[in-house]
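Top to bottom, those sequences are chains A and B.
Here the first sequence stands for residues 5 to 394, numbered as in the numbering used here.
Here the second sequence stands for residues 5 to 394, numbered as in the numbering used here.
FYI, nobody ran anything at the bench for these hints, they're computed from the structure.
Treat the hints with care, since some could be wrong.
[Unchecked claim] Some chain B residues flagged as far from chain A (calculated, every beta-carbon gap over 10 Å):
| # | residue |
| --- | --- |
| 1 | Ala-55 |
| 2 | Phe-160 |
| 3 | Gly-254 |
[Claimed, not checked] Examples of chain B residues toward chain A, derived with CB under 7 Å:
| # | residue |
| --- | --- |
| 4 | Cys-59 |
| 5 | Cys-66 |
| 6 | Leu-99 |
| 7 | Asp-146 |
| 8 | Thr-147 |
| 9 | Glu-378 |
In this text the structure is predicted, and so the values were computed from the model without any measurement.
Note that CB positions come from ideal geometry on N, CA and C, so glycine has one too.
2 protein chains.
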Amino acid sequence: MRIESVDLFYLSMPEVLDIGDGSQDALLVRVRAGGWTGWGECEAAPLPSIASLVCPMSHSACKPVAASVIGQELDDPAGIQRIGDLVRAESLDLLQADHTLSGVDIALWDLLGKKTGEPVWSLLGYEVAYPKRPYASMLFGDTAEETYAKAKSARFQAAKFGWGPIGKGSADEDAAHFRAAREGLGPDGILLVDIGTVWGDDVERAALAIPALNECGATWLEEPFVSGALRAYKELSSGAGNVRLAAGEGSHNIHMAKHLVDHAGIGFLQIDAGRVGGITVAKEAADYAAASGITFVNHTFTSHLALSASLAPYAGLEKHSICEYPVEPKALALAITSNHLEPDNQGFLRVLDAPGLGMTVDAEALRPYLVDCEIRVGGKVIYSTPELGE
Amino acid sequence: MRIESVDLFYLSMPEVLDIGDGSQDALLVRVRAGGWTGWGECEAAPLPSIASLVCPMSHSACKPVAASVIGQELDDPAGIQRIGDLVRAESLDLLQADHTLSGVDIALWDLLGKKTGEPVWSLLGYEVAYPKRPYASMLFGDTAEETYAKAKSARFQAAKFGWGPIGKGSADEDAAHFRAAREGLGPDGILLVDIGTVWGDDVERAALAIPALNECGATWLEEPFVSGALRAYKELSSGAGNVRLAAGEGSHNIHMAKHLVDHAGIGFLQIDAGRVGGITVAKEAADYAAASGITFVNHTFTSHLALSASLAPYAGLEKHSICEYPVEPKALALAITSNHLEPDNQGFLRVLDAPGLGMTVDAEALRPYLVDCEIRVGGKVIYSTPELGE
């Protein structure tokens with residue numbers, strides 16, 4: 005089949021707050037071909053991603069993403085790889101392109117799965133989709149008391165706290181939050197901590213957090229530094245005791261993911277299929293991590309469409325069993341699909357055994373969140389919000 | 005002084021061709037503060053960069069670039085560093101932001117230089133701006149005969165050929181171009197070759213080019229691979245004979261530049277101030293390269309405003325003496341400034357000893373190239389092309 009259209013939809017909560025909650029807006033992708041529709045989602049700033057889909061060409065290696073997708077043949081997984089390679093080559097100098105491609109790639113897998121009747125994880129070559137243990141992904145409370153209350157009522161035995169005030173004050177203040185989280189979770193809970201890159205590449209500052217994290221039995225310390233600070237990661241990792249470092253959500257291509265595996269001393273590689281280049285690149289990263297003895301984990305803080313797309317790349321890796329599960333998404337994120345991925349009675353999460361990503365996008369429910377956009381260049385309208393529907 | 009405004013201007017040739025010539029459009033940046041005007045240029049896709057300046061906030065680490073610049077205090081170089089750090093933190097998840105920041109940072113240096121009456125290279129801490137040896141940066145001809153003719157008429161003794169057909173056919177066809185370039189330049193010419201990343205991370209394919217490059221006495225082989233392919237670079241470098249590898253133009257932050265220095269076995273680090281995060285980050289990369297025994301080189305294929313901005317970061321590094329000089333820019337690129345950086349009688353190029361970047365932006369000459377744009381989000385116009393003038 006031939007790709008007929010790629011449409012982007014900017015969705016947003018009525019009010020977007022200045023907090024570390026990435027579920028306040030969304031960029032939904034619809035791809036149509038041969039009578040089929042695939043859906044994907046970019047974990048990205050909507051407007052710059054829309055611009056990178058439709059902007060005029062600057063030169064031979066700086067073309068809009070749409071130029072390398074629309075009109076292409078798609079009949080098998082190799083076709084998706086080929087389209088991604090084309091985007092990376094022809095949009096080489098368009099920085100935002102990796103984020104835009106991510107959602108398009110996800111939609112292409114969904115489309116191919118629907119056409120062939122196969123789940124995406126099966127198309128990726130996995131024979132079994134193993135159950136994952138979800139962890140509740142939450143923001144730290146504004147105070148240690150709030151963090152305790154959140155931990156106490158955490159939905160799962162495993163919980164990750166991140167962003168909010170953490171890392172911005174003193175090491176003692178951070179430690180109070182870590183202890184509150186441990187106390188709230190109880191001694192058997194799995195405690196994960198996310199610094200949200202606020203320490204830049206400051207190893208000394210990060211090292212101050214290590215004793216309290218070990219005392220509290222934290223399993224991982226996530227993103228103490230920005231994605232590229234490989235040396236800082238490596239240095240911190242050698243003195244981190246039982247705490248392993250986790251990173252990777254900032255990766256926007258396979259190379260960044262590999263650099264973390266090769267040079268950063270991490271224990272967990274966290275990949276967001278909506279940023280790294282889609283399911284195709286996330287699968288490549290999962291294979292690379294597994295071959296290097298590093299645990300692959302999805303990064304997902306938004307919708308269940310994004311969750312399904314983030315789980316597929318490592319669904320068949322039995323030992324890579326932990327998974328991020330958004331427990332505080334905004335209403336918009338829940339509205340994106342009419343069905344949701346729920347843990348079973350034993351608390352395990354499974355991707356669906358259904359064609360494509362197995363998720364049903366609910367156009368009607370999304371209409372109130374749709375942000376009307378228009379871009380005019382040289383007097384011509386090059387983007388206006390398309391009609392939302394299957 | 006307080007930053008009052010940041011304005012972006014999308015400029016374009018009437019027709020943009022599907023060739024590797026990045027001078028066919030431009031994104032000019034104007035920053036105003038305290039009665040002064042600074043000018044900069046993003047080496048980036050204009051429309052996505054405009055969108056990343058003005059888009060609505062998605063969350064606390066995905067804000068538009070303007071939010072971290074407008075209203076900020078700027079009185080010294082530390083102020084520029086602080087603004088850049090703020091953009092990187094508050095626009096962490098907005099991929100395009102690094103490219104947008106690059107032009108803004110350049111304009112801030114120009115502004116500060118004009119206010120203080122100092123050249124940017126002096127504000128950067130250099131006491132002397134050393135002369136550089138320019139190389140003529142050109143596209144390969146479509147045939148070896150054309151490449152020969154181009155080399156024969158090259159403006160400087162040093163010339164770089166890139167893009168066009170190179171790397172896309174057989175190794176023998178490439179070798180014919182290399183030999184034609186050497187023949188045209190003569191035995192004493194400095195021959196540089198640029199593959200434009202077309203080999204991805206294919207070391208075997210790249211290795212096929214090494215014998216002919218050594219036979220022709222090429223000084224460097226530029227971008228055989230994409231920026232992130234550190235392992236491929238390292239592997240190729242060990243068998244490259246007298247040819248040194250050159251890379252770095254794709255770096256959009258200091259970390260990527262450092263990774264090439266640390267892990268890629270390169271001999272030359274090529275940094276475009278209009279992409280890497282501006283003059284501030286380019287200077288940091290130059291210092292890092294120099295400390296590691298690797299030669300820093302500017303990357304510039306467009307205007308003389310961009311050229312001045314790309315030279316300042318290593319103006320005071322005497323041993324890092326080669327510089328890229330665009331010899332085939334489109335009329336638009338030349339029209340951006342009314343003055344131009346010309347080599348002296350001995351063929352050496354010097355940055356100007358004048359306030360800021362020393363370049364005069366010619367608003368009148370640019371008016372015919374100005375592309376009128378408008379972006380509407382939720383019924384509100386969030387960008388429309390500003391009035392072009394000082």
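Hint check results:
A beta-carbon of chain A comes within 10 Å of the beta-carbon of B:Ala-55; the shortest separation is about 4 Å. For B:Phe-160, the non-interface assignment is confirmed: its Cβ lies about 23 Å from the closest Cβ of chain A, beyond the 10 Å cut-off. Not every C-beta of chain A lies more than 10 Å from that of B:Gly-254, the closest at about 7 Å, which undercuts listing it as non-interface. The criterion of a C-beta within 7 Å of any C-beta in chain A is met by B:Cys-59, whose closest approach is roughly 4 Å, and the hint holds.
The restraint placing B:Cys-66 at the interface with chain A holds, with a minimum CB-CB distance near 5 Å, inside the 7 Å limit. For B:Leu-99, the shortest C-beta to C-beta distance to chain A is roughly 5 Å, which falls under 7 Å, so the interface hint holds. Given the 7 Å rule on beta carbons, the hint for B:Asp-146 is violated: about 13 Å separates it from the nearest Cβ of chain A. Taken as an interface hint, B:Thr-147 does not check out: its beta carbon lies about 18 Å from the nearest beta carbon of chain A, beyond 7 Å.
Using the Cβ-Cβ criterion of 7 Å, the hint placing B:Glu-378 at the interface with chain A is satisfied: the shortest such distance is roughly 4 Å.
Checked against the numbered hints given earlier, the structure breaks hints 1, 3, 7, 8 and satisfies all the rest.
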